[in-house]
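K.L.:
These protein sequence lines are chains A and B, in that order.
Here numbering that gives the first Met the number 0 is used: the first residue of the first sequence is 0, the next is one more, and so on.
Here numbering that gives the first Met the number 0 is used: the first residue of the second sequence is 0, the next is one more, and so on.
Please note: incorrect hints may appear among the correct ones.
One copy or two, it doesn't matter: identical chains are merged, so the pair holds either way.
Calculated pairs, SDA-like style, for lysine to any residue (alpha carbon to alpha carbon, straight line, at most 25 Å) [claimed, not checked]:
id : residue 1 : residue 2
1  : K72       : F122
2  : K242      : F122
3  : K242      : V16
4  : K72       : F18
5  : K242      : G309
6  : K72       : E22
7  : K51       : N178
8  : K242      : G128
Hints are computed from structural coordinates only; laboratory data are not their basis.
There are 2 protein chains.
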Amino acid sequence: MSRIPLTPVVNALPSTVPFVGPEALERQRGVAFKARLGANESGFGPSPRVIKAIERAAVDVWKYCDPENYDLKQVLARHHGVDPENIAVGEGIDALFGYAVRMFVEPGITVATSLGAYPTFNFHVNGYGGRLVTTPYQDDREDPGALLDLAMRETARLIFFANPDNPMGSWWSADAVANLIGNIPETALLILDEAYGEFAPQGTLPPLDMDNPRLLRFRTFSKAYGLAGARIGYVIGEAGLVKCFDKVRNHFGVNRLAQEAALAALADQAYLGEVIARVGSARQRIAAIARQQGLKPLPSATNFVTIDCGRDGAYARRLLDALIAQGIFVRMPGVEPLNRCIRVSAAPDVELDLFAEALPQALRAVG
Amino acid sequence: MSRIPLTPVVNALPSTVPFVGPEALERQRGVAFKARLGANESGFGPSPRVIKAIERAAVDVWKYCDPENYDLKQVLARHHGVDPENIAVGEGIDALFGYAVRMFVEPGITVATSLGAYPTFNFHVNGYGGRLVTTPYQDDREDPGALLDLAMRETARLIFFANPDNPMGSWWSADAVANLIGNIPETALLILDEAYGEFAPQGTLPPLDMDNPRLLRFRTFSKAYGLAGARIGYVIGEAGLVKCFDKVRNHFGVNRLAQEAALAALADQAYLGEVIARVGSARQRIAAIARQQGLKPLPSATNFVTIDCGRDGAYARRLLDALIAQGIFVRMPGVEPLNRCIRVSAAPDVELDLFAEALPQALRAVG
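Excised from the complex, chain A in its bound form (with noise of 0.2 Å):
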């Protein structure tokens, strides 16, 4: 019996999982990471709170969700000093971005980003259909100025830009964004990660102006707030076109748990303190282990750390496979000439212990 015909543009796209979880590498390995410093998640845990949140709300998992995200909605409003009518709350920051690509990407429409940038983001692009155009990283920063040149020559429709930006760690300061913002082509919309924004130092994010139509600014509970598995994150920017998120997205989509456990993380800004300062003196550490190993860490505004290995993207493949070897999940990013690097998440001290203990073995291993 013959198959039916997919759309042309999904029959274009590999049928693959493009992003290895490293319980993947743990069945291949067919042992579990000693430490897991790969996907930038919190190992620091939510509040404990948060946890209770979810104890308290487990009997009630037989309920939908309420499809308006309401109390969420209300309380990140109040957060931001917005309105409720700016925000939409998705089922993790990767379909937020899904539905946005999905708004306004269709064959034919370009989008610019960084070569080398938010992987899942491209895997929208692609998955719409849509034509990518990349500028380099310079200096293992995205380049706002070539991204706008860019956009502008190719008249793209969407420019995706991450500030913090994920897999460098590096930043820009909240003025360069807001002149980024300020130059955006007026044929485009601007995509602003800012996944890693709580972690950033004061004055890295640009105040939010919720009139701006060609801007929607992308945050998450996955990383300071410690919910990677929870899946839910949010959108914030002018009403008219955050409410045309309804129009795409998942109604019912965001779990029961997951929002009581955002609002329970939003309403201990206390432990989210602690938690940056923890990642703040994490980060310190993890630059001087890599340090002592005649590596060179960049600086970074998230909650990981990029390490140049000083060589070319094979060596510190080989290097990341040795850490992996050893137990040590970490992640590098995926073009050069970034791939020279190695990440490492940010993690309490029993597993940077581990790393440190990893990483000269790895690299006499590797020569």
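Following the hints, put chain B in place on chain A, whose structure we already have.
P.N.:
Okay, now just chain B, sitting in the frame of chain A:
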């Protein structure tokens, strides 16, 4: 500043929250519902072991889920006697319907369903620019013969069929469904929604055939397993077809707590059996309550009873509003002639007591 254009397909969609949740009604009324009987959730809740599993998993919520959903697919495969390659797991059946529609539907593609069948499936078809054609229910059942004729006549690429059916609770025998499957036109794929399958009598679900590349069967943990708020479902089908979900799905989309909950739910089949028995009793009780008031309960193979109120849609709507005014959340079908009915979910006796008390009052109120 001007907006940038949405794609024509998305632009044509309404910016609404199409499915009003009970929470929205509670906010309007300013008071919580006394009985939640409108969304076919399981008021019996998940297994106590599932709740324990969620509580145990809460401390690990900082970790992303396994994007391959490996453990759950292994267990589901054993449960159904198929291979893991025959299963794709998703963030609820609605998300899986969305992926399936996206895979096959674009502007110019026709999809056949029954007039009044599952609206979220139609939401996705509209959302990807497909053209919906419908055939009416016959005697409150979907009409497989008419559906096949329609699909043939209109060269539909997808055919939606739910067995058992929502919103009517009706069902066809496994033989009738096997006949439908056997007669799928060469140009079409059957979307077989079996969300309520666990409640149906023996001989309702046709045997699994993993060689048919024109059939996808959708299951959920939201109904019998009591996990609506967790957002997890799966699709079963021919391996090559199922693999195509990897092209479009949000790979990290299924939350970690839901995966742990689903594993625990599958492991407690004794509890599932209890729930199914309790649902059976609850259906009988809802039917008796309806009959006592001179209304006609329809036969049901689901976890709800659809009650024929004996007049037109306007009357049923008034009755529904009167029940809601008394704090009883119920819903009703959206189109004629199905909308002469209201739909009441199976629930523990304490909630059905309230329904039994409210129904005669509501009937008096509407006259």
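K.L.:
For every hint, state whether the structure bears it out.
P.N.:
Going down the list of hints, with the structure as the test:
1. K72 - F122: Classified as between: cross-chain Cα gap 24 Å, same-chain 28 Å, threshold 25 Å.
2. K242 - F122: both (24 Å within a copy, 17 Å between copies)
3. K242 - V16: Classified as between; 10 Å across copies, 31 Å inside a copy.
4. K72 - F18: Classified as between: cross-chain Cα gap 18 Å, same-chain 30 Å, threshold 25 Å.
5. K242 - G309: Neither: 47 Å inside a copy, 40 Å across copies.
6. K72 - E22: between (33 Å within a copy, 14 Å between copies)
7. K51 - N178: neither (43 Å within a copy, 51 Å between copies)
8. K242 - G128: both (24 Å within a copy, 19 Å between copies)
Checked against the numbered hints given earlier, the structure breaks hints 5 and 7 and satisfies all the rest.
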